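Asks: Listed below, chain by chain, are the residues.
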Amino acid sequence: MSQAHTSRELLNAAGRAMARLRSRGARVHCLTNAVAQPFTANVLLAAGATPSMTVAREEIASFTNRADAVLINLGTLDPPRMAAMKAAGELCEETGKPFVLDPVMCHLSSLRRDFAVRLLQHAPAILRSNAAEAQAIEEAAPGARVSAGTGAACQVVTGEQDSIVHDGVKYQLANGHPWLSKVTAAGCAQGALMAATSAAAESLPAAAAAALLWMNVAAENAARTAQGPGSFQAALVDCIYDLEPAELIERAKLA
Amino acid sequence: MSQAHTSRELLNAAGRAMARLRSRGARVHCLTNAVAQPFTANVLLAAGATPSMTVAREEIASFTNRADAVLINLGTLDPPRMAAMKAAGELCEETGKPFVLDPVMCHLSSLRRDFAVRLLQHAPAILRSNAAEAQAIEEAAPGARVSAGTGAACQVVTGEQDSIVHDGVKYQLANGHPWLSKVTAAGCAQGALMAATSAAAESLPAAAAAALLWMNVAAENAARTAQGPGSFQAALVDCIYDLEPAELIERAKLA
Amino acid sequence: MSQAHTSRELLNAAGRAMARLRSRGARVHCLTNAVAQPFTANVLLAAGATPSMTVAREEIASFTNRADAVLINLGTLDPPRMAAMKAAGELCEETGKPFVLDPVMCHLSSLRRDFAVRLLQHAPAILRSNAAEAQAIEEAAPGARVSAGTGAACQVVTGEQDSIVHDGVKYQLANGHPWLSKVTAAGCAQGALMAATSAAAESLPAAAAAALLWMNVAAENAARTAQGPGSFQAALVDCIYDLEPAELIERAKLA
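Respectively, the protein sequence lines represent chains H, D and Z.
Numbering follows the working numbering, with no gaps: position 10 of the first sequence is -2.
Numbering follows the working numbering, with no gaps: position 226 of the second sequence is 214.
Numbering follows the working numbering, with no gaps: position 34 of the third sequence is 22.
Extracted from the complex, chain H is given alone in its bound form:
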C-alpha cells in the first residue's frame, strides 16, 4: 500500500506519470461504447498511449494480455460487450493488471448497475463515475466501492470538483471547462486516459490526478482559442498533445 500523498507530492507524482507515459508509451485496451471509440482513440494517441478497441470475444485474451492497462466503460452495453468485459475483468484480476471501470449511466439502467457491481468483484484499480452513478452503485452494493479485495482500490467522482479517494484519504481538484460537457465522450476518453496513466504512475491517486488534470487543464487551454464546442474538441486534442508536466503542476487547482 502506498502512503497518503501531501498535495504537493500528489501533483509531482502526477507530473511524473505524465512524463513517463510520454516517454515509454502504454498500450491500453478499451472496451468502450460505440459513440466514444474514435475520440477516445485520438485522446490516447495525443497523450502518447496506443489504443486497441476490439470487443470480439475471441480476441480479448490476446489484446488484454499484451495491454499495459484496460478500460471498461459501460456505455452502449450489449451482450457481446458484456462477454468481453467479463473476460477482461477476470484476466486483469488474475494478472494484477490495472483496469479502470467507468459505469456510464448505471443510475438509469439496472442492467448496467448490476453489471458494474459484478465487475467490482474483479478489483478494478480505479472506479471512475459521476456522483449519480456512484450513488447507484453504493445503494446496490453498500461499501463495495472502495475496499481491499472486494471493490475498487481507488474511487474518482467527477463533477464541478473532482474527488479522489484512496486508502481513506481524499483529494479534490477543481480544473475544467463547461465545454467539456458539450463534447460527447470527453468523460469516456478521460477514463481511458486514466487507464493509461495507471500503467505509468507510482500510485493510483497519482494516476487519477494525472488524467483528471491532463484533460481539464488542456480543456482550459483549448477554450482560449476555440470558437465553440466543435473547434474546442479539436483544440482539446491539440492541447492534450502539447501540455507539459510543469504546466500541469502549476495550473492544478487543489480544492
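It is worth saying that the hints were derived from the structure and are not from the lab.
A quick note: this is a predicted structure, and the numbers were derived from the prediction, not measured.
Treat the hints with caution; some may be incorrect.
[Said to hold, decoys possible] Calculated cross-link-like contacts (lysine-lysine; reagent style DSSO-like; alpha-carbon spacing at most 30 Å):
| id | chain 1 | residue 1 | chain 2 | residue 2 |
| --- | --- | --- | --- | --- |
| 1 | H | LYS170 | D | LYS170 |
| 2 | H | LYS170 | Z | LYS170 |
| 3 | Z | LYS158 | Z | LYS85 |
| 4 | D | LYS170 | H | LYS74 |
| 5 | Z | LYS74 | D | LYS74 |
With chain H held as given, fit chains D and Z onto it using these hints.
Replies: Only chains D and Z this time, still in chain H's reference frame:
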C-alpha cells in the same frame, strides 16, 4: 390538429422551439447508425439536447421511457438494431412520444424499405428522407406516408429545397450549403435534431422547420470561415451552438 | 496484365486516377472497424467518392453489387463482420470487382491472420498492410501474398517509406507526416481511399500510388497550418479535398 401556419407564423414558431430547446433541454434517445453516432451526439449537445444511444434490447424500455423524443435512423441496419427499433416504435406509439423516422438508403435495400413501412404503422411524428427514399416508401405502401393513424403525421423531404407537408399544407425552405453533403452523417444528425425540436415545438411543422433551418443556416455561417469540409464540420457544431432564434428567422429562405 | 510503369508514368497515372475519381465519383462499400467508420467516410467524401458501411449480412449483396470497389479492413473483427466480409469477398471474386484487404493488427491475433489468409484466396486487388502484418501473413501462407489467382494482385506495405509491388516490379514512395500516426484510423481511411482509386485507375500500382500520395501529400500540407493532431485531423480532410493532380505529381518523393 394544429391549424396551418402562415409562413411568418411557421418561422416564429420555429424560433420559439429553438429557444425552448435551449432553455429546457430535451433527452433524445437515438437508435442510429454506427457511422453517425459521434457527430449526432455532438450536434445534439451543441443544440442543448441530451443524447443517449444504446441499442441493447434490454435497455430500450428504460431509455425510451425517460426520453422526450426518439430518433429511428435505418443506416447500418442489423438484427440488434431492428429489435431495438421495433420495441422503441411500439413504446412511442403507446405513450404518444414523438419519434422521427429516417429511412436512410431504403431505396437501395428491400430490407430497409420493408422495415420502414412497418415502422410507419407506429405513427412517427415525422418521416424525414430524401426524394429517392420517399419514392421507395410510396411505391411500397401507397398513401402510407402522411395520413392519420397509418403513417407519419408530418413528412419532410430534403434536397436542394426542403419540403414539409402536414395536414395537406406544404412549406418549402431553401437554406443550406453544398459542404453539408461532404460531412458524413450531417443529414442523420439533422434527423436527431428534428427529434429534439419535436419535443420542444408547438407543432410538427414548426419542429421540422426549426431543425432544417438550424442546421442549414448554421452551415451557411460555418462555410464563411471553413477551409474545406474538415474544418467545416467543426465550425458547423460551433455555429449550431451560436445561432440565435432571431437570426434563424431573419435568414430563412422560404421558397 | 499491365506493363511496369516508369516512375514518371506511375505518377502521371496516379494523377489521372485522382482526376477521374473527382469527376466520375466511385461508390465504395467499406467493411471496416467501428473506430474508423466516421473518419473513413469523411475522407472518401472529401476525395469525391461515396461511402456505404453496412455490415448486415442481409444487405451485403445489394451494397457490394452496386459498389465500384470494396474495402475489407479487419480491425474490431467480430462474427457479424466476418460473415459480411466472406460474402463480399466471394462476390468481388465472382464479378471481378476490385477489393482492398487491410489486415489490421493481424500480427497480434491468430483469428485475424488466419482470416486474412482465407480472404486472400478471393484475390483482392490490393493487400495493404504495415511490415509486421505483411510478415505475419507471409509466415502463415508463404508466397500467397502476391501471385496470380491465389493472392493479392498488388501489395502495398506502408511505413517510413511506402512500397508497392506488382508483377515483380517494386515502387517506393516517401511522403507523409508523423502526425498521421496520431490520428486514429488514418491508415484505415487510406485503405478505403485506395479502394476508391482502384475503381478509377488504369492500373493497380497507379491506384495504390494515387491513394498513398493523396493522403501523404495532403498530410504534409495539413501540418503547415495545424496546431496539433486534433486540428491536423480536420486540416487533413480539407487538404484531401483541395489537392490537385499537378501538385500530387510535383510533390511525390520517389525513393
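Asks: None of the hints should be skipped; say for each whether it holds.
Replies: Against the structure, the hints:
Note on LYS170(H) and LYS170(D): the hinted pairing holds, with a Cα-Cα distance of about 23 Å set against a maximum of 30 Å. At roughly 23 Å between alpha-carbon atoms, LYS170(H) and LYS170(Z) fall within 30 Å of each other, so this suggested pair holds. Restraint check for LYS158(Z) and LYS85(Z): satisfied, since their Cα atoms lie roughly 24 Å apart, inside the 30 Å limit. A distance of roughly 40 Å separates the Cα atoms of LYS170(D) and LYS74(H); the hinted pair therefore is violated under the 30 Å criterion.
Between the alpha carbons of LYS74(Z) and LYS74(D) the distance comes to roughly 29 Å, so the proposed pair stays at or under 30 Å and holds.
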